[in-house]
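Engineer: Sequences and hints are given; from them, build the entire structure.
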Amino acid sequence: MEEQNERKSETITEFFAGRSIFITGGTGFLGKVLIEKLLRSCPDIKELFILMRPKKNMLIEERFEKIFTLPLFDKLREMNPSAYKKVIPIKGNVTEKDLGLDPIEKQVLIDKVSIIFHVAANVRFDDSLRTAIFTNTRSTRDLCILAKNMKKLVAFIHISSTYAHCDKSCVNEIIYPAEIDWRKTIDMAENVDDHLLRIITAKYIGSLPNTYIFSKKLAENVIDDFSDQLPCVIIRPSIVITTKNDPIPGWVDNYNGPGGLMVGGGKGLLRILYADPKKELDYIPVDITIKCFIIAAYIRGQTTVTANPEPMVYNASSYNIKKLSMQDVVTLSLEVNQKNPLENAIWYPNLSITSCYIYYYINALLFQVLPALILDRMLKFAGHKPMVLKLQRKVFVSNISLCYFMMNYWKFYNNNIFSLLSKIPAVDKGNFGFNYFEYNVHDFLLISLRGGKQYLLNEDMNKVDENLRALNKLWWIDKISKACFLLLFSWVIVKMGLHNYLTNTMYSL
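Residues in the sequence shown are numbered from 1 upward in steps of one, following the working numbering.
In short, the hints are calculated from the structure, not lab data.
Don't take each hint at face value.
[What the hints assert, rightly or not] Here are the simulated SDA-like cross-link-like pairs (lysine to any residue), alpha carbons at most 20 Å apart as the crow flies:
1) Lys-267 to Asn-472
2) Lys-394 to Phe-381
3) Lys-394 to Tyr-255
4) Lys-66 to Arg-40
5) Lys-151 to Gly-260
6) Lys-267 to Met-461
7) Lys-85 to Ile-45
8) Lys-152 to Tyr-255
9) Lys-482 to Gln-327
10) Lys-152 to Asp-142
11) Lys-390 to Gly-260
12) Lys-184 to Arg-130
13) Lys-339 to Trp-475
14) Lys-46 to Lys-86
15) Lys-55 to Lys-152
16) Lys-168 to Glu-179
17) Lys-86 to Glu-65
Fair warning: this is a prediction, and the values are worked out from it, not measured in the lab.
Structural biologist: Dropping the structure here:
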């Protein structure tokens, strides 16, 4: 960068006032909450440039207008109905070279932007190596090249993941040396054919569980190599879940975290989970995560005017603060569901956890796949489209792809992320201060379930009594079905003569 912005700001809101901000991944879970928070709590920002790819039969402007109607933005619309006018969608795609930017719009970004939030990432664990490298690694390189030309840039916030270094049992808030050259990897992804890439993928990513983790780890090395020219920050969130309370409790738009468990278990779809029951989960609410992004940008921007330090690294995790095991989450989720059941459950909720794959596989076949086949037959007979087996297939594939993270243990040291609290100006503590665990865990899980019901499933929140009656019926059906199955099993044993054989054998001992 040829010049630095020489203004010092006393508060976070003053720091962001009059600035132009560029956000990638603005249509994702983190991106939406970041946009809302910036527009509401930093009302004097000049403009937000949001990288967006057009979808079929929908312009990028139409995509953003649809996003702005989400309940997440209700509070902002009440406070400042015209705030959305500061948002400028920029056509582009992180999977394309140079982010797919138009040269004219690229120059606008170069001339105006002073803060970058690089949030975009493809979190699919089954992506090809090429797609993962293009989306998560090459896009980071291309954004760094673009940022080098931004004369006003004071903060480049790169969003990584604590699990980017899951090959290490203890992850510190440092940048780890590169083990593979990201330049050669990008070149390989651009030039090697699909067949050969598929053959070498497993060996190339080594001990890492999937291409997503591999590409995110490489992206950090990209940031490190550009950090002598850019004011970089790396933030590694752990498992990001529903909002705690800002701007509303329980908002979510995906099935990650406890919400997915509660929805799958509460609907009766998920009967058995392949995981370590004692595995301690590292959750962090999305609103607290976003506050960390904003505070880190403020601190880095303040530092930029006086020095060019090493990249700041923050692990946005809950390690060493409060522990929740897989069994805790499942038990509390089932308790919460007893008080506020989900609508139209297909079976009575009863979710168990096992770390034995054979036991899991047998139970999944008996209590998930087999009932799904029967229910699909009934749906087809009634003239409806079969769908339960397809859902169960997704549940099974998801469990297997996530079992690595639910069976292993890590320590994500987070001293830096909590040092942010001491650096928040007093006047900003109301908007940006946080105390992650100043709440009751059971109450927060209830918030998460309500969020899943309201924002994911779009269920009526006032039908509690009706849902409780339906749940009671399912309880009786479950008990009667199990009794009938036991009687049938006993009858089969008697008919096969096994009963007499076993009885005689026992008496002869």
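Engineer: Quick one, are Lys-394 and Tyr-255 close enough, alpha carbons at most 20 Å?
Structural biologist: holds (12 Å)
Engineer: Given the hinted pair Lys-482 and Gln-327, is their alpha-carbon gap at most 20 Å?
Structural biologist: violated (24 Å)
Engineer: For the pair supplied as a hint, Lys-46 and Lys-86, is the alpha-carbon distance within the 20 Å limit?
Structural biologist: Holds: Lys-46 and Lys-86 sit about 7 Å apart, inside 20 Å.
Engineer: Does the alpha-carbon distance linking Lys-152 and Asp-142 stay inside the 20 Å limit?
Structural biologist: Given pair Lys-152, Asp-142 holds - Cα atoms ~18 Å apart, limit 20 Å.
Engineer: Starting from Lys-85, check that the Cα of Ile-45 is at most 20 Å away, please.
Structural biologist: Within the cut-off at roughly 12 Å; holds.
Engineer: Please work out if Lys-267 and Asn-472 have their alpha carbons no farther apart than 20 Å.
Structural biologist: Within the cut-off at roughly 14 Å; holds.
Engineer: Against the 20 Å threshold, does the CA-CA distance of Lys-152 and Tyr-255 hold or violate the hint?
Structural biologist: With a Cα-Cα distance of about 38 Å, the restraint between Lys-152 and Tyr-255 is violated, given a limit of 20 Å.
Engineer: Against the 20 Å threshold, does the CA-CA distance of Lys-86 and Glu-65 hold or violate the hint?
Structural biologist: holds (13 Å)
Engineer: Would the pair Lys-394 and Phe-381 pass a check requiring their Cα atoms to be no farther apart than 20 Å?
Structural biologist: violated (23 Å)
Engineer: Between Lys-55 and Lys-152, does the CA-CA distance stay at or below 20 Å?
Structural biologist: Judged against 20 Å, a Cα distance of about 32 Å means the pair is violated.
Engineer: For the pair supplied as a hint, Lys-390 and Gly-260, confirm whether the alpha-carbon distance does not exceed 20 Å.
Structural biologist: Status holds; Cα separation ~17 Å.
Engineer: Given the hinted pair Lys-339 and Trp-475, is their alpha-carbon gap at most 20 Å?
Structural biologist: Holds, because 14 Å separates the two Cα atoms, which is no more than 20 Å.
Violation of the numbered hints given earlier is confined to hints 2, 5, 8, 9 and 15; the remaining hints are satisfied by the structure.
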